[in-house]
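The working numbering applies: residue 234 is where the sequence shown begins, and numbers increase by one.
Incorrect hints may have been included.
Claimed, not checked - Cβ pair distances, simulated, as ranges: (1) GLN315 <-> ASP545: 37 to 45 angstroms; (2) ASP545 <-> ASN475: 21 to 29 angstroms; (3) PRO271 <-> ALA472: 39 to 47 angstroms; (4) ASN380 <-> PRO424: 56 to 64 angstroms; (5) LYS389 <-> ALA299: 33 to 41 angstroms; (6) PRO377 <-> MET301: 47 to 55 angstroms; (7) GLY302 <-> GLY387: 51 to 59 angstroms; (8) ALA549 <-> GLY348: 16 to 24 angstroms; (9) GLY520 <-> LYS382: 23 to 31 angstroms; (10) LYS375 <-> PRO471: 42 to 50 angstroms; (11) GLY520 <-> VAL310: 35 to 43 angstroms; (12) LYS415 <-> ASP503: 40 to 48 angstroms; (13) THR304 <-> GLY438: 48 to 56 angstroms; (14) GLN541 <-> GLY438: 27 to 35 angstroms.
Hints listed in this document are in silico derivations from the structure and should not be mistaken for laboratory results. Glycine is no exception: its CB is placed at the ideal position from the N, C-alpha and C atoms.
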Amino acid sequence: MKFKTLAISAVSALAFAGVTSIGVVSSSTTAQAAPNIPCKTAKLIVPWKAGGGTHVLFSIYEKTIAEMGLTPKLKVVTVPGQGGNKGAKEAAKAKPDGCTLFAIHQSAFTSHLNGRIDFHYDRFDPVAQLTNTPDIIGASAKAPWKNFKEFMAGVKSAPGTVPTGATFGSTSQFTWLLLEKKTGMKFKFVPFDGTRQRMTALLSGAITLGGLNVASGRKYIESGELKAYAIAADKRDPALPNLPTLKEQGVDMTFSLIRGVVAPKGTPKDAINHWAQLLKKASENKGLLKQMKAKGTGINWIGPDEYQKWIDRSFAEFKGIADEMGWGK
């Protein structure tokens, strides 16, 4: 695939909101009678393999909701395959009765814009935006640069030659494309089907650069098995206090994977609001916050109406990128 220069407006919608902060953005919910959700336990479809980041984070929500005695309960069900699209298709065709929910992030945009699936968030009704996981500019231990300044100078001196792992046309590539735009660096992209394969290549030195996050990279960074040059967040992460932000390095850039929950289109509004408020209660739980902090993930609960605004704003930004790169053609 041939890559064109990336053009993007300020990606404020993807900014890191802080590891332990909770956005108290009001939804349209008001106190009302309990909705008629015809199940004691609802299914939350995660469209990736068990043990992946999204599965782990939403399993914490599942456990917290059960421990808090909130109803209906939530059961995380993994439906992997087709880069997340198999689960998306199953969730989109589910009965809109409040008994099926879907875990989603910006890969819904990239899959749609690459022509892999004919819908994205638009086939669902937003429930709540929940977690925020910033990317780390990671590197093999064999990378020759000691810090971000050396890294940038080295890449600029040999444009388009430094092997950089990413799943083409995915969120894992967006970080590097945005970094190209912001700095003038040019990377040589090497395709990988998923995070695990990319991490294996990074650890072996088969590639020089690759995206990380605190959950996936912390132990390797601390042990010296991998390097990290910066975190694409507004603030340093307490789990890696010595890792500077890109902004500290003079690069005005943030990029995070933002996860949320949606429901099949046509789910009754009272069921949507019920789930939004239930997830808000879980998001305020001290035990959940502690676990999310350990995973390097911030909590920024946003209700249905504000979540829809974020979807519209973010899709426009992603589409601008895709159009310039010629995706889906």
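### Query
Which hint numbers doesn't this structure obey?
Per hint list: 1, 2, 4, 5, 9, 10, 11, 14 violated.
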